[in-house]
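> Residue numbers (UniProt numbering), protein chains in the order written: chain A, 1 to 510; chain B, 1 to 510.
Hints are not guaranteed to be accurate.
What the hints assert, rightly or not - DSSO-like cross-link-like pairs, simulated, lysine-lysine; straight-line CA separation at most 30 Å:
| # | chain 1 | residue 1 | chain 2 | residue 2 |
| --- | --- | --- | --- | --- |
| 1 | B | K245 | A | K476 |
| 2 | B | K476 | A | K245 |
| 3 | B | K245 | A | K504 |
| 4 | A | K249 | B | K504 |
| 5 | A | K205 | B | K504 |
| 6 | A | K249 | B | K476 |
| 7 | A | K205 | B | K476 |
| 8 | B | K249 | A | K476 |
| 9 | A | K389 | A | K469 |
| 10 | B | K249 | A | K504 |
| 11 | B | K205 | A | K476 |
| 12 | A | K245 | B | K504 |
| 13 | B | K205 | A | K504 |
For the record, the hints were derived by calculation from the structure and aren't laboratory data.
Protein chains: 2
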Amino acid sequence: MYSLEGVWPLPQIFTSSIERYPLNPQAFYFGYGRQSAAQFGCSVLDAAFIRYYSLIFPDYTGNGVLRFLEDKPFHIEINVDHDDCESYPHEDSSEKYNLSVSAGKASLNAETVWGAVRGLETFSQLVYQDDFGSYFVNQTEIDDFPRFPFRGILLDTSRHFIPVHAILKTLDAMAYSKFNVFHWHIVDDPSFPYQSQTFPDLSRKGAFHPMTHIYTQSDVRRVISHARLRGIRVLPEFDSPGHTKSWGKGQSDLLTPCYSGSTPSGAFGPVNPALPSTYQFMATLLKEVSSVFPDSYIHLGGDEVNFSCWKSNPDVRAFMQKMGFGVDFTKLEAFYMENIVNITTFLNKTAIVWQDVFDYHELIPKDTVLHIWKGSPANYRKELSRMTKAGMRVLLAAPWYINHISYGQDWRNYYTVQPLNFSGTAEQKKLVIGGEVCMWGEYVDATNLTPRLWPRASAAAERLWSDEKQTSSVDKAFPRLQDFRCKLVRRGIRAEPLYVGHCKHEYQGV
Amino acid sequence: MYSLEGVWPLPQIFTSSIERYPLNPQAFYFGYGRQSAAQFGCSVLDAAFIRYYSLIFPDYTGNGVLRFLEDKPFHIEINVDHDDCESYPHEDSSEKYNLSVSAGKASLNAETVWGAVRGLETFSQLVYQDDFGSYFVNQTEIDDFPRFPFRGILLDTSRHFIPVHAILKTLDAMAYSKFNVFHWHIVDDPSFPYQSQTFPDLSRKGAFHPMTHIYTQSDVRRVISHARLRGIRVLPEFDSPGHTKSWGKGQSDLLTPCYSGSTPSGAFGPVNPALPSTYQFMATLLKEVSSVFPDSYIHLGGDEVNFSCWKSNPDVRAFMQKMGFGVDFTKLEAFYMENIVNITTFLNKTAIVWQDVFDYHELIPKDTVLHIWKGSPANYRKELSRMTKAGMRVLLAAPWYINHISYGQDWRNYYTVQPLNFSGTAEQKKLVIGGEVCMWGEYVDATNLTPRLWPRASAAAERLWSDEKQTSSVDKAFPRLQDFRCKLVRRGIRAEPLYVGHCKHEYQGV
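Only chain A is shown next, with the shape it has when bound in the complex (with noise of 0.2 Å):
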């Protein structure tokens, strides 16, 4: 019945024994600790009672049952040492948890809320049912951080629109395996779902509809907002100077007109890095979106910029011409990337950058964070390699690009990536961030996302929040994802099965 395959990530230290206790649903209270600098009020750790009340007991709906003077109460105490309730997650925050669970009684210490939200994940992971509904939890002691500061989950809405629910039930499940970003990859080509205030024309005619397939404001908010309470940083992406087709159609004169021969042939390429206005309309819209997205980074992308239609451009090859560039497009683009990347500095935040933004750039600001998608293994450790002993942050997402999927258990290839597995000091080591799972939109909406995504991208997880020692071994997770798997679906997620068998409550919905 009771095992320590109960929790997904595997906590960093973690005992527990085969004593267990019982649990009312009836006689079970969540409650500050004396000293905890948090105490009722708290925003973030009131919901998180409330939700986490939900997911201890499932079955339990509150309707006819009868309480019995023998049940034992159940308190678990939470203290803080900062009142951070009603701030934001950021990239230093402690996620830090310590838990311990004995008769009657539970403490979960913490230094922040996000943490003691983590420690609220784990110990609603710990609770099991017998036979009988009868809930129980065991005698444990964790003391429990993530690996890596940054793990991340990236949902493409261009290529497809996700519905704000769809995106409000991925940061749901998010908190469950404790990934702690959620990366809006917002703009792309084929369109522009951002409601933007300063330019409203971009998603009015560059979403695929201009009512029903935009985020308002207010779903912005709804978003930022579900998040924080699950401790999850939400890291827009405005890509730039490639994959802005949307752009142009709101947006006049933006996008470079590619020529052919010496007449526009009515396409159009990458943003127009030749034009005053160009860098006006990228200040505008970073300056709302910094307002907007409470986040200290903000992804700027500048990948897979194709140099074609700014070679065919006359006015783009005299601005070469006049800055001294020659022939050499890298410096063009390098030219427009540290401009943009100078507006987010300006706005106090933070860049992040695709990593083929790094090859072409010597005056990249040293905070600013490389953003690895590239290749084979082999390939990206030697960018891993490359990028630290430039003294650069990585954040590595090449092999977690979860939208390729292939017949069979691929989330083993997942779990086996070992992210500090390149030649460097343990200097460079500690430049890596974290990781990312990418969902690309190409074949992924809301119909297909929740499946796709889970439990494979908990494979990720446990690899980025665990210590690679105590989980090197693939086939003893499996039994302990195919567990956690099952919680998942308990949870009301849609996450597919890993190979033949059942759990004990199938997916309900339909």
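Use these hints to put chain B onto chain A, whose structure you have.
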């Protein structure tokens, strides 16, 4: 707005004009023609009218809508030649229909109620809405009939248990693509969820769980009834002698004890063909199955029999000697399958068996259908040729193992199959009764079934229903299938996207 793309699978003969007629949900009437053999009270059609009313008018809730006097009524008049309202669809059921849409009226004529149901599906796909939500249908003339009489989908409820509601939802979606056979692969090694009246221990001990992971007699009746109303046959598969490990738990002395040298190893192999009790068990079970499932066909499996356990068992070897089979275990398997087929013949059922059986069996009745599941196109074409040359009827599944997934638009592979492109006479080609999409269950349960099945299975549906010449271009099919996929989404089916883009109405569930 309106296009010929509107019906999937493409009708055989289809003409329409730009003349369009408004439809008002409050002045829309289904009715039986005076000459129709079926009249009000016809269970199949009365139920179809209710279903299709909601499918035709998805926005209409019936609440608070005023009826305007100027609204012109629209009548759809159904005429069928046979009063087969209370029957089950069978292998020879005509699905032909003629649909004529003109001002204020549509006439739907069919030989059977099953043809009328197909015609209602077509009509429902012809109706469209403008940007203000008003409903229209264009002047249309359709003569339609299926290319193949057998168009099936296999679900595997042994490797994972699929709750009844998910099976019913699959039947709904099957009707939208005009599939007409639900092949229920109900037994296999991992579990046996069918609750038998005569052998209740089979599921009590062989299901994943004896109470929650079974199909009761009432569940089975519900599935059959739901399928019947949609013109879908339910073809049960009781696979043997292999793929039966789950039976061993509830029926002692049924499976062959495997030996390691001269002692039993504790493992069990296929059904034991050396014991008379085996045939008594199978006869009793198949008798029950024959009465529970009304279809005149039964699938007997017969695939992938591993001889090593039989070879190890001294009793089986003694039986081989007694029967004069020498060391040719294919003769033993032939002996077993012939006995089982004879049982079904006695029960007035026609057998379908997997292709493996054909290789060993001279004595198999000529009306047995061979189910081709192995190999590459080169391979299955050879088998189609060889088996039809022997005068056997065949059913093609090999190119439609849809559980195998890959990144990208693999529906194109399912679409471009040419089931009759093999070396053989016209007589041989007539022996191809149809095809089947197989969703084996290793990695599939209710969490991911729907988006894996739809619209990928619909690609096969058009191949099996429509004229191959008119549907030879996969590129022309692409926008039509995208459009159809959005219709499925609108109807609440989580059909996954084919590529970048959007539906006017995205999936609204979570």
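> Against the earlier hints, flag every one the structure doesn't satisfy and list their numbers going up.
none
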